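*Asks:* Which chain is which? The protein sequence lines are L and U, in order.
The numbering of the first sequence is my numbering, which starts it at 1 and goes up by one.
The numbering of the second sequence is my numbering, which starts it at 1 and goes up by one.
Please keep in mind that the hints were generated in silico from the structure rather than gathered at the bench.
Computed from a predicted model, the values in this text were never measured in an experiment.
It is possible that part of the hints are untrue.
Claimed, not checked - Here are the simulated lysine to aspartate or glutamate pairs, EDC-like style, with alpha carbons at most 20 Å apart:
#, chain 1, residue 1, chain 2, residue 2
1, L, 5, L, 64
2, L, 495, L, 472
3, L, 225, L, 167
4, U, 375, U, 387
5, L, 147, L, 158
6, U, 225, L, 337
7, U, 330, L, 173
8, L, 147, L, 99
9, U, 510, U, 498
10, L, 225, U, 378
11, L, 139, L, 279
12, L, 5, U, 173
13, U, 5, U, 64
14, U, 495, U, 575
15, L, 330, U, 173
16, L, 375, L, 158
17, U, 225, U, 240
18, U, 147, U, 52
19, U, 375, U, 99
20, U, 330, L, 99
21, U, 5, L, 158
22, U, 495, L, 575
23, U, 235, U, 279
24, U, 375, U, 593
25, L, 495, U, 575
26, U, 5, U, 40
27, L, 225, L, 158
28, L, 330, U, 240
29, U, 235, U, 337
2 protein chains.
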Amino acid sequence: MLSYKAPLRDMRFVRDELLGFPALFASLPGCEEFTPDLVDAILGEAARFCEDVLAPLYRSGDEEGCTWTPEGVRTPAGFREAYAQYVEGGWAALSTPPEYGGQGLPPSMGLFVEDMMGTANWAWTMYPGLSHGATRTLKVHGTDEQKQTYLRHLVSGEWTGTMCLTEAHAGSDLGMLRTRAEPHADGSYRITGTKIFISAGDHDMAANIVHIVLARLPDAPPGTKGISLFLVPKKLPQADGTLVPNSVSCGSIEHKMGINASATCVMNFDAATGFLIGEPNRGLNHMFTFMNAARLGTAMQGLAAAELSFQGALAYARERLQGRSLSGPKHASGPADPLIVHPNIRRMLLTQKAYAEGSRAFLYWLCQLVDIADKSADAAERKRAEDLMALLTPVAKAFVTEAGYEAANLGVQVFGGHGYVREHGMEQIVRDTRIALIYEGTSAIQALDLLGRKIMGSGGELLRGFAAIVEEFCAQNAGREDMAPLVAALTATGKRLEGLTMHVAGVAMKNPDEADAAAFEYLMFMGYFVLGFMWARMARTALDALAGGTGEADFYSAKVETARFYFQRIMPRTESLALCVEAGGATLMALPEAHFAL
Amino acid sequence: MLSYKAPLRDMRFVRDELLGFPALFASLPGCEEFTPDLVDAILGEAARFCEDVLAPLYRSGDEEGCTWTPEGVRTPAGFREAYAQYVEGGWAALSTPPEYGGQGLPPSMGLFVEDMMGTANWAWTMYPGLSHGATRTLKVHGTDEQKQTYLRHLVSGEWTGTMCLTEAHAGSDLGMLRTRAEPHADGSYRITGTKIFISAGDHDMAANIVHIVLARLPDAPPGTKGISLFLVPKKLPQADGTLVPNSVSCGSIEHKMGINASATCVMNFDAATGFLIGEPNRGLNHMFTFMNAARLGTAMQGLAAAELSFQGALAYARERLQGRSLSGPKHASGPADPLIVHPNIRRMLLTQKAYAEGSRAFLYWLCQLVDIADKSADAAERKRAEDLMALLTPVAKAFVTEAGYEAANLGVQVFGGHGYVREHGMEQIVRDTRIALIYEGTSAIQALDLLGRKIMGSGGELLRGFAAIVEEFCAQNAGREDMAPLVAALTATGKRLEGLTMHVAGVAMKNPDEADAAAFEYLMFMGYFVLGFMWARMARTALDALAGGTGEADFYSAKVETARFYFQRIMPRTESLALCVEAGGATLMALPEAHFAL
């Protein structure tokens, strides 16, 4: 049976030693008190909750799944109680401002906790996770009354939230959505329409659910410019504090490949009472204000998959005796050697490890940028952080989930036939993670966002900003013999990326189809490059620790060896991606639609 | 809802136009009567059975799954009836010799039918599919009495068979198996032990089940050299034709990621009566005689996944309206363009198409080699076919299933969120196909077989035999302008493979761990190369048809365009694989076992 052990040492390495969070917290207004010791204490407490409460519900939640009833959706056994403990422990309120009852920790702290919760039990974590979108929407765009009535309950976790975007015919193309909002004499609206794929749309864990719904006003222009944002509660709060049912109901739940314990709802709004959030017809713009945060949250699922699958596969590879090392028995006294002696098993484990630890470094760096963008007193620093986030978030969302899915599949492969059997939990990670490549914008959508909007849209400026950071790192370490192979590879790959970008931008300017033809492989190239940068940084930090004398030589040596593995056995994938990008889109467009099958 | 349409035109292209099956059948003793018209008629009939009977049970079989009862395993609704139709139609007996009641068609014909059955419903196809191993074992190694008593019933399909290899502690490493066979005074044996992962180990579709069981005689040497083969029927046939239960029972069935309609059984043999097959302690050698056929059968699952997922994704991409083409609306009168206008959607569809049609060409070529090895009167030709099969079968098993799994995942991605929902069937292809990378020898086991046993074990001779065929093709087409880019790429990749092989063989000779460190990526390189060879051959055949004047210009043009796509957008993957192989295994072995996580 799969268990979860929070990698607190690795998290601390990334936070304190690699990214310098202690100095950052000391410099951000309102964060000064979060010393490394306090941070460790909070995260240690969160780790226990994840290991002891959430992880044991991982398999049972998948087997039982959610149940639709006419009275509402029932979550699997134990989910309700775990949520109550979560609210009780104050975890819901961790990173929200004190003026709404929050504990005011920096956003990164909430994300670190979510990393652990999501790894222990992704499906469960989606319920509180979905609240963040609603919370952010109301915080930024809500009226004072909306904040007073709804935000405090969301912050405490007593109520949860959803984002109701997708309709049956409108997924990636939200411009086609049809849900209507009719103005009512009292200033409210009557919302009518059906939304699908609404995660946490209904459940039995909270007293009320606050839906943020995309809909059209009667006179709205067509397409994406005619979409407004509405707050539609499951139950309408009355002046006396009681809750009266609204015309909102869950029509059915989807039967899915995975995340069976997360209710994916068809939500029917039948002239439901709703309230406009922000300006009319500006709904999509309002949502874009926290798009990066939502995508970072989904990227975490890739990290979660890589970490959990690595933990499972490593334990198995150490225990399972099967075959002998080709270079002679390594545990001659036993009936066979453990799997971990085999180079190909090690290749799979190291790939998982490189993805898990590399993705953690990458995503925690983005968490740091979120903190700066949210809290820094320096406008120029905020802008720098926002620019970097704008560039790197689509890379994180698509690349880290693609890598996490690969890692999850490697975990099954390490287990062999036993990996295919449900009881071990390894195949569940594959099933659960598969959706991460789709929701919150598919990998292809992220790739177009990166190449079209972020890189070409900024005239290359956002990319140059990032490239300068990498170049500075390479320059700083140019003279170090122990870093030479990594710096050389990073420099060469950076140059390749620069040339590739020039090339793609050139052809895409003449023919926009060339952008979409190149975008996915371009994004994957960039993902491997960013991860390589993180591994080079980790190697330098670890080499410095080793050079300085340390009681944890094994820990730091493992970092250095994993970095070397990454650069030798993973980074070369960039070359094929570059060749595919350079091949262009002509062969994609040559076949007439009708001739794909004859 | 996913449906299946047998690609009869494409199958005919591969058989008759690409591979020249008509001339082959005309030349093989006993196959002369199988003219193209007769073959088309037989396969057309099989296609109807697959489309009308098997495909409709694909989703329902997955949802219902198998049920264990104390009386035996119950298969999903409709499975029994479909099997009765299969036996009734004579499909079970298609490719078996007339002396045992078979219809005597060449082996390839049985495999063509299995391609369609497996694509329509892989889980169902496993029941008759598992009989082949038992049938072949008895045909080659059985006594006359065993053949008389068991083989005729297996051939007719009245009874089915299994292969009982794996035990809980002995998977890839069969040398560790413990099941015992005690001799009995009457010349039979008492078999005692527990086997796991036994596909079709128990079910309600046939009157009896013939288990082929690997077990140890009392005085057997340890390891793989002490394994014998036993026939252990579920029910013992009596002289009067009645069946008396044997001490064989299904203890439980596995709950799996996919192929839920295929019973994966724990089989208990409790002093069950069994009969020795072939010579004592030669069980593994006996099994190796049909290892290639079994692996080819499993490779078909990769082809099946690519084909079925492509059919589903293509239909959806043509129907689903979402977004507008970046180069301007393509269906301006509609509310949006169909997905298929988007270059990235086309990239995914073309990858599926290139895998499905390329894998079909590859595997049907192997089917042809099976025919030659089985039927040719010319010993030298048989030897040539066997050598090629020995080399290419592990490539087919590992590469085609890896490619099929990628294709299945792309199918989900084309569907977006809808692909994650079970009712559409797209995610089921992913779940069902995942096991193909594991059973019948994992991809890593195939890779070691290819690199260690086949390539290094033959001193490079088997590879040179294949390379000569590719070089001859390149020489034949060297002067053709329309083939120039493909021939150039094929030649360059062939040279790269040659150099890579020399390199790997060199380092592996000094350090055997280097073989396993390189094997997986080496095999994948070879897989892309073989598929490239098949696509170049298909392009040449199609270009010739176009040059000769044809009423099917669209069909042949699509082949040419898909070949170009493959060489531009898929074939470049070989470069990264080569770089990873060349990087060697040092970084895989550097980390001590205890330091993978700290």
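*Asks:* Among the hints numbered above, which are violated by the structure, and what are their numbers in rising order?
*Replies:* 1, 10, 12, 13, 16, 17, 18, 20, 21, 23, 24, 27, 28 and 29
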